[in-house]
Amino acid sequence: MIDGGFLLLCALTLGAGLAVGVTKGWDRVLLLSGDGLGFVAVLLPKILCGIFVASALPVLLPREKVAGWIGPDSGALGLVYAALAGAIIPGGPMMTFPLAAGMLAAGADLAAALTCITAWSLYGLNRTLIWELSFLPADLVFLRVLICLPLPILLGLAVRRLR
Numbered sequence: 395m396i397d398g399g400f401l402l403l404c405a406l407t408l409g410a411g412l413a414v415g416v417t418k419g420w421d422r423v424l425l426l427s428g429d430g431l432g433f434v435a436v437l438l439p440k441i442l443c444g445i446f447v448a449s450a451l452p453v454l455l456p457r458e459k460v461a462g463w464i465g466p467d468s469g470a471l472g473l474v475y476a477a478l479a480g481a482i483i484p485g486g487p488m489m490t491f492p493l494a495a496g497m498l499a500a501g502a503d504l505a506a507a508l509t510c511i512t513a514w515s516l517y518g519l520n521r522t523l524i525w526e527l528s529f530l531p532a533d534l535v536f537l538r539v540l541i542c543l544p545l546p547i548l549l550g551l552a553v554r555r556l557r
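For the sequence shown, my numbering assigns the number 395 to the initial residue and increments by one for each residue that follows.
To be clear, the hints were calculated from the coordinates, so they are not data collected in a lab.
All figures in this text were calculated on a predicted structure; none of them were measured in a lab.
Among the clues, some could well be false.
As the list claims (entries may be wrong) - Simulated DEER-style distance windows between Cβ atoms:
id: 1; residue 1: G430; residue 2: S515; range: 22 to 28 Å
id: 2; residue 1: P487; residue 2: S528; range: 17 to 23 Å
id: 3; residue 1: F400; residue 2: S449; range: 41 to 47 Å
Note that beta-carbon positions come from the ideal geometry of N, C-alpha and C, so glycine has one too.
Work out the full structure, taking the sequences as your base and the hints as a guide.
So, in structure tokens, the structure goes:
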């Protein structure tokens, strides 16, 4: 659990806290720390649910079936399935990233997981329907989605070629 990335994040956090304390005062550090802990309290239940779902995937889904659908030998169709999964995943990164990790543990390959995350990021249905179509002209949203449509699959194909 304690790896280089975690240590780097701790060092950056402490450095930022020290910089705020020196430049803006230590009372500001306490205020920001309280705000940060409040944010963690709001996010923690969502993260825990996402992690639970992700850890349940490998138990509930047969590895051979998942590998057949979105594994390394699933071809471009497997990447299309992964992109569709990414498009329909509701919620934010608290759900998407644990689900992608669960897909990997259940037999998906890295290309499918990255395709799923990229599709969620580029054209998640939840965001597109609720936010974009509410505020932007439909033709603009349609054009944006149309342009983005092949990108997750192309990324997945590139990852499989590089591996």
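The hints, checked one at a time:
1. Between G430 and S515 the Cβ separation comes to about 25 Å, which falls inside the hinted range of 22 to 28 Å.
2. Our hint of 17 to 23 Å for P487 and S528 holds, since their Cβ atoms are close to 21 Å apart.
3. For F400 and S449, the hinted distance range of 41 to 47 Å is not satisfied, since their beta carbons lie about 20 Å from each other.
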